[in-house]
Amino acid sequence: MKLMTMRIVVDLNRCQGYGQCVFLAPGVFELHGEEALMYDPGPEEEQLIPVVRAAAACPVRAIRVERPGQQA
Amino acid sequence: MSPANGAFGANGHVVIVGASLAGLRAAEALREGGFQGRLTLVGDEPYEPYDRPPLSKQVLTGQAAPESIALPRASGLDAEWRLGTPAVGLDLAGKRVRLADGDELGFDRVLIATGTRARPWPNPEEAALVGVVTVRGRDDTVRLRHELAAGPRRVLVIGAGFTGSEIASACRGLGLPVTVTERAATPLAGALGGTIGAVAARLQREYGVDLRCGVSVTSLEGDDAGHVRRAHLDDGTTLEIDVAVVALGAQRNTEWLRNSGLGAGPRGVACDAGCRVFDMYGIVTDDIFAAGDVARSPHPLFGFEFLALEHWSNAIEQAEVAAHNMLHAESERRPYLHVPTFWSFQFGVSIKSAGVPPLGDQVVIVQGSADEPRFVALYGHHGRTVAAVTFDQGKWLEFYVNQIEGAAPFPPQYRNVAQPESRQVLQAEFPDPALPTEGPMIVRTGHSPTERAWTLMPARGGRR
Numbered sequence: 016m017k018l019m020t021m022r023i024v025v026d027l028n029r030c031q032g033y034g035q036c037v038f039l040a041p042g043v044f045e046l047h048g049e050e051a052l053m054y055d056p057g058p059e060e061e062q063l064i065p066v067v068r069a070a071a072a073c074p075v076r077a078i079r080v081e082r083p084g085q086q087a
Numbered sequence: 173m174s175p176a177n178g179a180f181g182a183n184g185h186v187v188i189v190g191a192s193l194a195g196l197r198a199a200e201a202l203r204e205g206g207f208q209g210r211l212t213l214v215g216d217e218p219y220e221p222y223d224r225p226p227l228s229k230q231v232l233t234g235q236a237a238p239e240s241i242a243l244p245r246a247s248g249l250d251a252e253w254r255l256g257t258p259a260v261g262l263d264l265a266g267k268r269v270r271l272a273d274g275d276e277l278g279f280d281r282v283l284i285a286t287g288t289r290a291r292p293w294p295n296p297e298e299a300a301l302v303g304v305v306t307v308r309g310r311d312d313t314v315r316l317r318h319e320l321a322a323g324p325r326r327v328l329v330i331g332a333g334f335t336g337s338e339i340a341s342a343c344r345g346l347g348l349p350v351t352v353t354e355r356a357a358t359p360l361a362g363a364l365g366g367t368i369g370a371v372a373a374r375l376q377r378e379y380g381v382d383l384r385c386g387v388s389v390t391s392l393e394g395d396d397a398g399h400v401r402r403a404h405l406d407d408g409t410t411l412e413i414d415v416a417v418v419a420l421g422a423q424r425n426t427e428w429l430r431n432s433g434l435g436a437g438p439r440g441v442a443c444d445a446g447c448r449v450f451d452m453y454g455i456v457t458d459d460i461f462a463a464g465d466v467a468r469s470p471h472p473l474f475g476f477e478f479l480a481l482e483h484w485s486n487a488i489e490q491a492e493v494a495a496h497n498m499l500h501a502e503s504e505r506r507p508y509l510h511v512p513t514f515w516s517f518q519f520g521v522s523i524k525s526a527g528v529p530p531l532g533d534q535v536v537i538v539q540g541s542a543d544e545p546r547f548v549a550l551y552g553h554h555g556r557t558v559a560a561v562t563f564d565q566g567k568w569l570e571f572y573v574n575q576i577e578g579a580a581p582f583p584p585q586y587r588n589v590a591q592p593e594s595r596q597v598l599q600a601e602f603p604d605p606a607l608p609t610e611g612p613m614i615v616r617t618g619h620s621p622t623e624r625a626w627t628l629m630p631a632r633g634g635r636r
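Chains as they are written, first to last, in our numbering: chain A, 16 to 87; chain B, 173 to 636.
In short, the hints are calculated from the structure, not lab data. Cβ coordinates follow ideal geometry from the N, Cα and C atoms, glycine included. Please note that a few of the clues may not be correct.
Said to hold, decoys possible - Have a look at the derived ranges for each label pair, beta carbon to beta carbon: (1) 76/A to 402/B: 49 to 59 Å; (2) 61/A to 622/B: 27 to 37 Å; (3) 38/A to 250/B: 44 to 54 Å; (4) 458/B to 60/A: 41 to 51 Å; (5) 402/B to 60/A: 22 to 32 Å; (6) 59/A to 618/B: 42 to 52 Å; (7) 318/B to 59/A: 32 to 42 Å; (8) 75/A to 598/B: 25 to 35 Å; (9) 68/A to 318/B: 50 to 60 Å; (10) 82/A to 595/B: 41 to 51 Å; (11) 506/B to 60/A: 32 to 42 Å; (12) 409/B to 60/A: 23 to 33 Å; (13) 501/B to 61/A: 18 to 28 Å; (14) 38/A to 406/B: 28 to 38 Å.
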C-alpha cells in the first residue's frame, strides 16, 4: 500500500527542544515556551523538503518521517 | 534473513490484540526480527494505529487534523488487519482469540496489547448528556473539538492529571474560560506528588485557569435538550458550564480476558519481566505475551514490584521486548529494564519524568528554581534516587536516568550546574494510594502476579 500523505512522529522523550526543526520547517514544528515541541503529524506535501531537512538536522534524531508515495 | 525460531518463525501465526502503539511496534519488531509467518492485528477502533499524545494537544487546538495522526509504517506492514472488531475472549487451551463478530483466530503466540480506556463519569445518565466527554481516542477528541468550536461559556475539566491539565491548557490556548476541579490538594498529585504539584497549580492559575483543588463534582445537570449546563460541587458551589471533560484516569481493558484463566484483572495483565503472561495461579505461560498500558510486570530496578506504566515509551520498549522474546529460545530472552520516562506539555512548559516518582517519599530540587519554573527535582526513597522530574530542563534527564539505573544515593552528594543555594529535602506529598485520584500513569500494583483484589469503585451519589 502506498502512503497518500506524509507522516511524522517525534519521540518527545528524546526531543530536548534544540529547535532546529522549527527553523527549518516553521509551518510544521513550533515550540510552545522554551522546549515544548508541537508539530503537525500529517503536513501538506509542499512541506516535504523542509521536513526531511528538519529530521536530518535534529541533533538527537527524534523525528521519524515517511514520505508520501513511499512503499511504507 | 533466515526465519527466526525455526518452524514458528517461518510458518507460525502471531495474533496481536490491540492495534495501537504497542501492537504496531510489536508487529514491526517481529518482522524486523525475521518473523516470516502470519501476523494478524486486531483492533476495536476502525482506524489504523495512530499516535495518541497529540489528541489532547495539537488536535484539540486545531494545529493537526484528527485523521493526520496515523503512525508511520502502519499501512506498509505485512499483516492482516481486523480493525473495528474487538476481541471478546481468549481460549488458553485451544489457543484461540474470539472476536466480537463471532470469528475465531487460532494462534501460535498472542500479544495482549489492549491498553486502557478513559474512566467514564460514574453516573451513566449524566455521562450521556451532550457536552460531557472523555478524551482517549480520535472519536472523543473530534466530539470535544466540535463542542469547543461552538464557543462554550465555560469548560469544566474534572480531574487534573496530565490529560486533564493538557486539555485545560489547550482550552486556554483557544481563549476559553476553564475551570479545573481536582480532588487532591494539587494538580498532578498522583503522578508527581503535592510538592511539585503546587508548581503545576501556580502555572494553571497564571494561565487563567479557575483551579479548584480538594473538591469533587457531585453531579452534572442538563437542560431540556439534554445538553450539560451546570455542575454541582461538594463545597456547595454550582458552575455554569457548556462542556464537561471527564479526565479521571484510565481503566485497563482486561474484561475480555475474564474467565480466560490468565492473571488479568482491573490492575492489568500480570506478566514476567520478559512480558510472558502469568496464569491465574501465578504460573508463567509460554505463548501468551503482554505489552503496553495493559501490562503489569515486575521491574528489576524497582524491587521487582509489579508496575503498570501508561507511557508512550513503555508501549514501544515493552513491545520490542515481547516481540524479541516471542522469537527467541529461553537462553536468549531479554528482560524489560527500561527506566520509565514520559513527557507532558502544558501551559507552555515541558514536563518530563524518568523513573517512578510515586515510589519516592522525599523530593529535592537539585537544579534551577521552582519559581521560574525551570528546574530538576529528584525523588528519593530509603536513601536512593528513584525518579527525576524536569520542568523545561529536559536536556538533563538522560544524566539522571543513569543515576536512577545506578541506584545513586539520595539526597545526591554531587554538585550541579545551576544548583540552588540550599538543597532542601521536602516531603513529596503523594496522596494516600487508597484515595482515587485522577490516575497517576505509573500504577504500583504490588508484588503478587495474581493480585486481583484491588479495584476502584465510584462512591455512591456520583462522587468520585
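**Request:** Go ahead and decide if the range 41 to 51 Å is satisfied by the Cβ distance of residue 82/A to residue 595/B.
**Result:** 49 Å, holds
**Message:** Against the range 22 to 32 Å, how does the distance between the Cβ atoms of residue 402/B and residue 60/A compare: consistent or not?
**Reply:** 47 Å, violated
**Item:** Satisfaction of the hinted span 25 to 35 Å by the C-beta atoms belonging to residue 75/A and residue 598/B
**Value:** Given range 25 to 35 Å: holds, Cβ gap about 32 Å.
**Consistency of beta-carbon spacing, residue 60/A to residue 409/B, with hint 23 to 33 Å** = 51 Å Cβ-Cβ, so the 23 to 33 Å window is violated.
**Item:** 41 to 51 Å as the expected CB spacing between residue 60/A and residue 458/B, which holds or is violated
**Value:** Cβ of residue 458/B to Cβ of residue 60/A: about 47 Å, so the range 41 to 51 Å holds.
**Item:** Supplied distance hint 32 to 42 Å, evaluated on CB atoms of residue 318/B and residue 59/A
**Value:** For residue 318/B and residue 59/A the Cβ distance comes to about 24 Å; the hint is violated.
**Message:** Given a hint of 42 to 52 Å, does the C-beta separation of residue 59/A and residue 618/B actually sit inside it?
**Reply:** 50 Å, holds
**50 to 60 Å as the expected CB spacing between residue 318/B and residue 68/A, which holds or is violated** = Roughly 36 Å apart at Cβ, these two residues miss the hinted range, so it is violated.
**Distance restraint evaluation - residue 61/A, residue 622/B, Cβ atoms, bounds 27 to 37 Å** = 56 Å, violated
**Prompt:** residue 506/B and residue 60/A, beta-carbon distance inside 32 to 42 Å?
**Reply:** 40 Å, holds
**Supplied distance hint 44 to 54 Å, evaluated on CB atoms of residue 38/A and residue 250/B** = Given about 38 Å between the Cβ atoms, the range is violated.
**Request:** Take a look at whether the Cβ-Cβ distance between residue 501/B and residue 61/A falls inside 18 to 28 Å.
**Result:** 50 Å, violated
In summary, the structure is inconsistent with hints 2, 3, 5, 7, 9, 12, 13 and 14 from the numbered list given earlier, while agreeing with the others.
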